[in-house]
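K.L.:
For reference, the chains in residue letters:
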Amino acid sequence: ETGVTQTPRHLVMGMTNKKSLKCEQHLGHNAMYWYKQSAKKPLELMFVYNFKEQTENNSVPSRFSPECPNSSHLFLHLHTLQPEDSALYLCASSQVGLVPFDEQFFGPGTRLTVL
Amino acid sequence: DAKTTQPPSMDCAEGRAANLPCNHSTISGNEYVYWYRQIHSQGPQYIIHGLKNNETNEMASLIITEDRKSSTLILPHATLRDTAVYYCIVRESNFGNEKLTFGTGTRLTIIP
Numbered sequence: 014e015t016g017v018t019q020t021p022r023h024l025v026m027g028m029t030n031k032k033s034l035k036c037e038q039h040l041g042h043n044a045m046y047w048y049k050q051s052a053k054k055p056l057e058l059m060f061v062y063n064f065k066e067q068t069e070n071n072s073v074p075s076r077f078s079p080e081c082p083n084s085s086h087l088f089l090h091l092h093t094l095q096p097e098d099s100a101l102y103l104c105a106s107s108q109v110g111l112v113p114f115d116e117q118f119f120g121p122g123t124r125l126t127v128l
Numbered sequence: 206d207a208k209t210t211q212p213p214s215m216d217c218a219e220g221r222a223a224n225l226p227c228n229h230s231t232i233s234g235n236e237y238v239y240w241y242r243q244i245h246s247q248g249p250q251y252i253i254h255g256l257k258n259n260e261t262n263e264m265a266s267l268i269i270t271e272d273r274k275s276s277t278l279i280l281p282h283a284t285l286r287d288t289a290v291y292y293c294i295v296r297e298s299n300f301g302n303e304k305l306t307f308g309t310g311t312r313l314t315i316i317p
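If you're matching them up, the sequences are chains A and B in order. Residues in the first sequence are numbered from 14 upward in steps of one, following the working numbering. Residues in the second sequence are numbered from 206 upward in steps of one, following the working numbering.
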C-alpha cells in the first residue's frame, strides 16, 4: 500500500450505531488530519494530530472522537450521529516542522450515510 | 475564513492553457499560496505552492503578482482529466500552524 488509505470507503449507519473510520499513511509523515466535506460546502478541518498529539479541534461535537495511536494510524470513532453528519470524511497526512511549507496527501475518503 | 476569492466556474478547451485566477488581497508577508484540486469524489491533490517567485512543476505553473495580492494557476495543455474543483489557499508557514482552510474553489470543466 502506498500513500494514504482509508477504510471503509462507504458506510451506512443508524443513529444509534457505533462505528469507526480508519486511516493509515505509508509516507512516514508526522501529522495527520480529519476533514469533513458535506454536500455543497467547503472542506472543513475537524482534527489535527502532530506527533500523535492533538493540536486542533475545530469545535467538533463530542459524537466524533478521534484517536491517534501512532504516527501512521488515525481513527475517527462515531456514535449517536445525526443525519446531517452524512458527508465525505477525508484523512490527510503531511510532514511538518522541517521546512515552512508542506504538502498534504489526502486519502480517498469514506462516504458516510447516517439514516 | 477563507482568505481568497476565486471565480465559481470556468471552461477551457482541451489542449489549450487553462488560467485560473485567485485574489488574495489581504495576504501577509509570511503566507504561502497553495493550490490543490479535487477530482469528483476523490480526496484533494496538491498541485503547487509559492511565496513570492513564480513556480513551475510537472503539473502546472504558478504566477504570483509582484504585490502578491493575486495569483494565476496555469495548466499549460489542459486534458479532460484536469476537470476538477481547484482551490487556492493562503497559509502561514507550517511551524506550529498546520491549517489548510479550503474555500469553495473554481470548478474547471475541460471541453472536448
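No wet-lab data here; the hints were simulated from the structure. Among the hints, erroneous ones may be present.
[Claimed, not checked] List of simulated lysine-lysine pairs, DSS-like, C-alpha gap at most 30 angstroms:
no.: 1; chain 1: B; residue 1: K274; chain 2: A; residue 2: K32
no.: 2; chain 1: B; residue 1: K304; chain 2: A; residue 2: K32
no.: 3; chain 1: B; residue 1: K274; chain 2: B; residue 2: K257
no.: 4; chain 1: A; residue 1: K32; chain 2: B; residue 2: K208
no.: 5; chain 1: A; residue 1: K49; chain 2: B; residue 2: K274
no.: 6; chain 1: B; residue 1: K304; chain 2: A; residue 2: K53
Fair warning: this is a prediction, and the values are worked out from it, not measured in the lab.
K.L.:
If a hint holds in the structure, say so; if it does not, say that too.
P.N.:
We went through each hint and held it up to the structure:
A distance of roughly 45 angstroms separates the Cα atoms of K274(B) and K32(A); the hinted pair therefore is violated under the 30 angstroms criterion. Between K304(B) and K32(A) the CA atoms are separated by roughly 27 angstroms; this keeps the pair inside 30 angstroms, and the hint holds. Taking the CA atoms of K274(B) and K257(B), the gap is about 10 angstroms. The hint holds against a cut of 30 angstroms. Taking the CA atoms of K32(A) and K208(B), the gap is about 35 angstroms. The hint is violated against a cut of 30 angstroms.
A hinted pair counts as satisfied when its Cα atoms are at most 30 angstroms apart, and K49(A) with K274(B) qualifies at roughly 29 angstroms. Of the supplied pair hints, the one linking K304(B) and K53(A) holds, its CA atoms being roughly 21 angstroms apart against a limit of 30 angstroms.
The structure does not agree with the numbered hints 1, 4 stated previously, though it agrees with the rest.
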